[in-house]
Amino acid sequence: MLELYILSLLMIIGAIIAVEIKDLLSSVIAVGAVGLVLSVTFLILKAPDLAITQLVVELLCLIILIQATIKRGIPRVISRQSFLTIFVTLTFIGLFLAFAYSSLRDLPQFGHPIMRVANHYLEEGLNKTGATNLVASVILDFRAYDTLGEATVLFTAVIGVLAVLRKIGRKKTP
Amino acid sequence: MIIYFMCLILFCVGLYAILVKRNLIKIIIGIIITEYAVNLFFILVAYRSKGRAPILAPDQIVKNMVDPLPQALVLTAIVIGLAVTALIVSIAVRVYEKYGTFDITKIRRLKG
Amino acid sequence: MRQKNLRNQRSGMTLIVKTITRLTIGLILLFGIYIVLHGHITPGGGFAGGVIIALSFIHLMLAFGKDLALKKLSEVQASFFESLGAIMFLTIAILGFVGGYFFLNFFSDKGEPFRLFSAGIIPLCNVAICFKVGAGLFAIFAALVFLKIGSGEEK
Chain U
1 MLELYILSLL MIIGAIIAVE IKDLLSSVIA VGAVGLVLSV TFLILKAPDL AITQLVVELL
61 CLIILIQATI KRGIPRVISR QSFLTIFVTL TFIGLFLAFA YSSLRDLPQF GHPIMRVANH
121 YLEEGLNKTG ATNLVASVIL DFRAYDTLGE ATVLFTAVIG VLAVLRKIGR KKTP
Chain W
1001 MIIYFMCLIL FCVGLYAILV KRNLIKIIIG IIITEYAVNL FFILVAYRSK GRAPILAPDQ
1061 IVKNMVDPLP QALVLTAIVI GLAVTALIVS IAVRVYEKYG TFDITKIRRL KG
Chain D
2001 MRQKNLRNQR SGMTLIVKTI TRLTIGLILL FGIYIVLHGH ITPGGGFAGG VIIALSFIHL
2061 MLAFGKDLAL KKLSEVQASF FESLGAIMFL TIAILGFVGG YFFLNFFSDK GEPFRLFSAG
2121 IIPLCNVAIC FKVGAGLFAI FAALVFLKIG SGEEK
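Residue numbers (our numbering), protein chains in the order written: chain U, 1 to 174; chain W, 1001 to 1112; chain D, 2001 to 2155.
Calculated from the structure, these hints are not laboratory results.
Glycine included, C-beta positions come from ideal geometry on N, C-alpha and C.
Be careful, since some hints might not be right.
[Stated by the list, open to error] So the derived list for chain U, only partly shown, Cβ under 10 angstroms to chain D, looks like this:
{"id": "1", "residue": "33"}
{"id": "2", "residue": "53"}
{"id": "3", "residue": "56"}
Just chain U, same shape as in the assembly:
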């Protein structure tokens, strides 16, 4: 499990660089690096479907973010925060971490999940659906309601983007 620690440390370092660096384009590229490391982590955690999806989604997300930031005429981020704001925020995050750490003990140990529902899917999946990829059988057969809701959310998001970015009716603004 050493590689998991190394990969998650790499992700934390990449995230800190992405948050703290001044140049916006470098920041976006650091987020892309975090996403690619996350894809490798999914592969190590035995989730190849998620690894493929995360890889391609990360590429598309990077292209969209670069399209938004490039040529916007803002060379550097100049943001000087007051000391009080950062202090209050760090205190809040410290409290959050303390409570979360105390509640982590109630979770099952790492590597020993509770698989009361999943055992049924693993045993009956091939006979009931005929699909050998059990994730696909869970998505599209046992829990297809979730996928229907997901399709609705995606449709709403696409309609929202097309409505925000439309040209008709924008002429009158000075």
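Take the given structure of chain U and dock chains W and D to it, following the hints.
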């Protein structure tokens, strides 16, 4: 147990970016990092030590597979996250066209 | 031919990028279709394959400029395909009522495992989701590119 805590630290880095930063692109980056941390947490809970990927192989009976249910939930969550990120980016681009800046304090000042 | 290349050079990237794109674009599209159709046997499925198909069209748009890509798949066609995917998915769901309940896997013969034609409704659902995700993401990207060009003209 330590790996759960490292995942929480990744979550808190994103939370810090959302709460403190004033640039809209930095806030979007914070939202993306938070989403990554939550997805990673689901998959970490589903992992079984010395397990195999939940894909059957011919002529072989395998019993120690990892949990396929959180993987199915996260697979939909990743694509939803991309669509929501695109929606936030388009709203941010519109705000930039209107005010000429990504700084949220100046946007607030110009409003009245 | 030479004249046409010179005229095309104004939009899009350089000649090297265009040549490489011409070689690889078909392979990317084919890989996306393979991922979608084999989603119930191997890792992949409708979501990943749909994003790969959308990426192939976005690749075309980035390399050759927006006109050629929109000639292959215009914005109206993209929204049509997205609605088609939604309708297909919902129709498959409602057809389950012939056997009793929503989203029933209504094929009585599931076919032999590890074959392409097996698993009942799951490949059909994969194709529907692929249409939905691919066309939706391409529509989002086309809208963003249009906006960027429009704002450049105003200044």
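Need the list of violated hint numbers for this structure, in ascending order. 1
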